[in-house]
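Quick note, the sequences are listed as chains Z and R, same order. Note that the working numbering gives residue 343 to position 343 of the first sequence, counting from 1, and the numbers run on in steps of one. Note that the working numbering gives residue 515 to position 125 of the second sequence, counting from 1, and the numbers run on in steps of one.
By construction, these hints were calculated from the structure, which means they are not laboratory data. A few of these clues could be false.
Calculated cross-link-like contacts (lysine-lysine; reagent style BS3-like; alpha-carbon spacing at most 30 angstroms) [to be verified]:
1) Z:K65 / Z:K324
2) Z:K133 / Z:K201
3) Z:K302 / Z:K338
4) Z:K163 / Z:K133
5) Z:K85 / Z:K338
6) Z:K133 / Z:K85
7) Z:K265 / R:K541
8) Z:K133 / Z:K76
9) R:K524 / Z:K302
10) Z:K133 / Z:K316
11) Z:K201 / R:K524
12) R:K698 / Z:K369
13) R:K698 / R:K503
14) Z:K370 / R:K503
15) Z:K85 / R:K541
16) Z:K194 / Z:K183
17) Z:K76 / R:K524
18) R:K503 / Z:K265
19) R:K698 / Z:K201
20) Z:K302 / Z:K128
21) Z:K186 / Z:K128
22) Z:K163 / R:K541
23) Z:K158 / Z:K133
Selected chain R positions facing chain Z (Cβ under 10 angstroms, derived; list incomplete) [said to hold, decoys possible]:
24) N423
25) T553
26) A566
27) G668
Here are some chain Z residues pointing at chain R (derived, C-beta under 10 angstroms) [to be verified]:
28) H46
29) Q114
30) G116
31) N233
Backbone N, C-alpha and C fix where the C-beta goes; we use that ideal spot for every residue, glycine too.
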Amino acid sequence: MRRSLLAATAAAAVLAAGAAQADEIRIGVLYPIAGTGAVYGEPAMHGHNMAVDELNAAGGILGKKIVSFARDTKLKPAAASAAAKELITKDGVNVLVGGLSSAVGLAISEVARQEGVVYVATIPKTIKLTTEKRHDHVFRTASHTDFEGDAMGQIVAKLGLKKICDIQLDYAYGHDLAAGIEKGLKRHAPDAEKVLDLRVKLGATDYNAFISQIMGAGCDGVTSGLWGSHFVNFAQQGSPFGLFNQIKYISGGEIASHEIAGKMKGDYPDNVWSNTYELWYHHHDPSHVAFQEALAERSGTKETAMWPVLAYIGVKFIAAAAEKAGSMDADALAGALKGMSISTPVGPRTIDPETHQADTGQFWGPMVKKEGVDYRVMDPVTFIPAVIEE
Amino acid sequence: MDSLIQFVQQDLGNPGLAALLSNPSFAFIQLMNSFSQAMNLFIIAAGLSLIFGVLRVINFAHGAFYMFGAYIVYSVAQEWTGNFWLGVAAAGLGLAVMAVVIERGLFQYIYDKEHLMQLLLTFAVVLILSDVAKIIWGTDQYSVSYPASMKGAVDLGVTFYPTYRLFLIVVGPAIAIGLWLFTERTRFGRLTRAATQDREMLSALGVNVPIIYTGVFILGSVLAGIGGGLAAPFNSPTPGMDATIIVDCFVIVIVGGLGSIWGSFIGAIIYGLVFNYGSVIVPNWQDVFPFLILLAVLLVRPWGLFGKPEGGNA
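Modelling step: build the complete structure from the supplied sequences, incorporating the hints.
So, in structure tokens, the structure goes:
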């Protein structure tokens, strides 16, 4: 009796879902929501929900309400790909958005290719996503490893560094960033010599063996893409050795974002030049002021994180493309995304119709002490646009 | 020597090994790195091994205890008092309280159950604790400052070496000797050894065995908490740090022999040496090495270097 009642309820729920589907837009959202990756996934979800709420308040997409179906990617490609499949087959989503870590982005993109669903990659940076692994339905609103590496090459040139040690995480992002830096150095600092290549496993906690190699190699600059807690541990272990007095540390991986600087406070080392997509205290575009205030209210802190803006921009691109295409059909949506321009809280963005890559530049600069606050800030902030000049 | 270095550098194409051979102070620093990493791991692994030795429970939640130790140091040292040592003491104390609750509330009911049941229960505790940590501390990655007196480096003649790392190199053996004296020279220690041999007989002699079990569980858990607390300045307290450490600890206690304090000590040193020299000489194989030692030990001496074969009078 109880079982049949349960079955009937389930059936009713499925029917209701089916009926609802016709007049709502379903977005499949893929971020690491629990576990290690939640430190990025949680703020990303704030940005995502903020964009969805704004759009729904203004009447949704094509007059239909937007409903998000969020799944945990657990920072693992296999989990992400299973979640992406479920979102498509079970929840019947019209489009996929998100992805954190390059390996996860590639996995979601593969599902999108097989299932013929549009995927907007908001965070993964491996260049392969929009080069050799590109397909009709994948678009990227994040930056990528060639832009990042090129900017790092410019900084190496500006600081006049001659001997470079490179330390990267041993997975898609680290490998591609190393290649991007190599090209960036050739373009901007051709007389800089790479003297050491180090690869650290993803999730590594002990860096002493690598720190002593860097210090022994006699380089004056270190290029790196150690992100998040990788950088925190590397810095905490390197500082007592005096590493950051000996070298200039030029890093991708957005370690200039306030979530790192605000947490490390006085432990944040000297001589770090790095990047970020957004800074709560820097208004590059006038619309950033209102965006940041709304985000602050939503996240419950004035010093907001960097990740929300990426998720926010992803949703806004989907909405703009759907309105332009007049439908949520995958091919129509993909067609509209090609060449699509929107304005965002960090300036205008356009998706290249050929490469499916948005021209997402980043803020770069040295992390310095500032009077009156106990954390470091980027000063001066330089916006390096997503342009590679051969 | 010079021709050897040239051979390694050019013919073998191994700059790491060449650097080790040509630069004695680099080789020495890697030795110190091996020891300091090993001693931190030892403190944690010793707790795991101790609990297994007496309670015969493989506690998967040991890594979560370590994570709690690190988080408590963050809250107490970084947020509230600014005193690192107070933070480490609080981590030990906090873990003692957690240990009593978990042992009395859960683990005491599974000592006679099969290993699978025990694994499932301790794994459930892992999942619960990681969610509790997320509720209390959120998902941020925190940074804990080194204690003020140990921020810098000490001149060892050959090279400078971080003071805090040297402190770990000293504190590890001190804890090992303390544990050894405790189990060999105190009445409680003798009773714990007796409990591993035959707890029914011990109970028949009028000894309160459950108290011994609780005591050992507290001691082992406090070691995890202190180990996590001491690691906090160089291992950012962050969700998921429990999963990384438990794998390292298992490698160490299995290599050293489950239940043996000195086994964990030697196991940790082997781990440290292999990791630190391995990452220089064969960087592409750094992940594989710990498991290669594990494999070698399991093939040759499955009960570990200092362990005793099962089936004696366990």
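Hint check results:
no. : hint            : in the structure
1   : Z:K65 / Z:K324  : holds, 17 angstroms
2   : Z:K133 / Z:K201 : holds, 24 angstroms
3   : Z:K302 / Z:K338 : violated, 36 angstroms
4   : Z:K163 / Z:K133 : violated, 33 angstroms
5   : Z:K85 / Z:K338  : holds, 24 angstroms
6   : Z:K133 / Z:K85  : holds, 19 angstroms
7   : Z:K265 / R:K541 : holds, 15 angstroms
8   : Z:K133 / Z:K76  : holds, 19 angstroms
9   : R:K524 / Z:K302 : holds, 21 angstroms
10  : Z:K133 / Z:K316 : holds, 24 angstroms
11  : Z:K201 / R:K524 : holds, 25 angstroms
12  : R:K698 / Z:K369 : violated, 57 angstroms
13  : R:K698 / R:K503 : holds, 22 angstroms
14  : Z:K370 / R:K503 : violated, 60 angstroms
15  : Z:K85 / R:K541  : violated, 50 angstroms
16  : Z:K194 / Z:K183 : holds, 12 angstroms
17  : Z:K76 / R:K524  : holds, 19 angstroms
18  : R:K503 / Z:K265 : violated, 49 angstroms
19  : R:K698 / Z:K201 : violated, 34 angstroms
20  : Z:K302 / Z:K128 : violated, 36 angstroms
21  : Z:K186 / Z:K128 : holds, 20 angstroms
22  : Z:K163 / R:K541 : holds, 28 angstroms
23  : Z:K158 / Z:K133 : violated, 33 angstroms
24  : N423            : holds, 4 angstroms
25  : T553            : holds, 7 angstroms
26  : A566            : violated, 20 angstroms
27  : G668            : holds, 8 angstroms
28  : H46             : violated, 12 angstroms
29  : Q114            : violated, 30 angstroms
30  : G116            : violated, 34 angstroms
31  : N233            : holds, 5 angstroms
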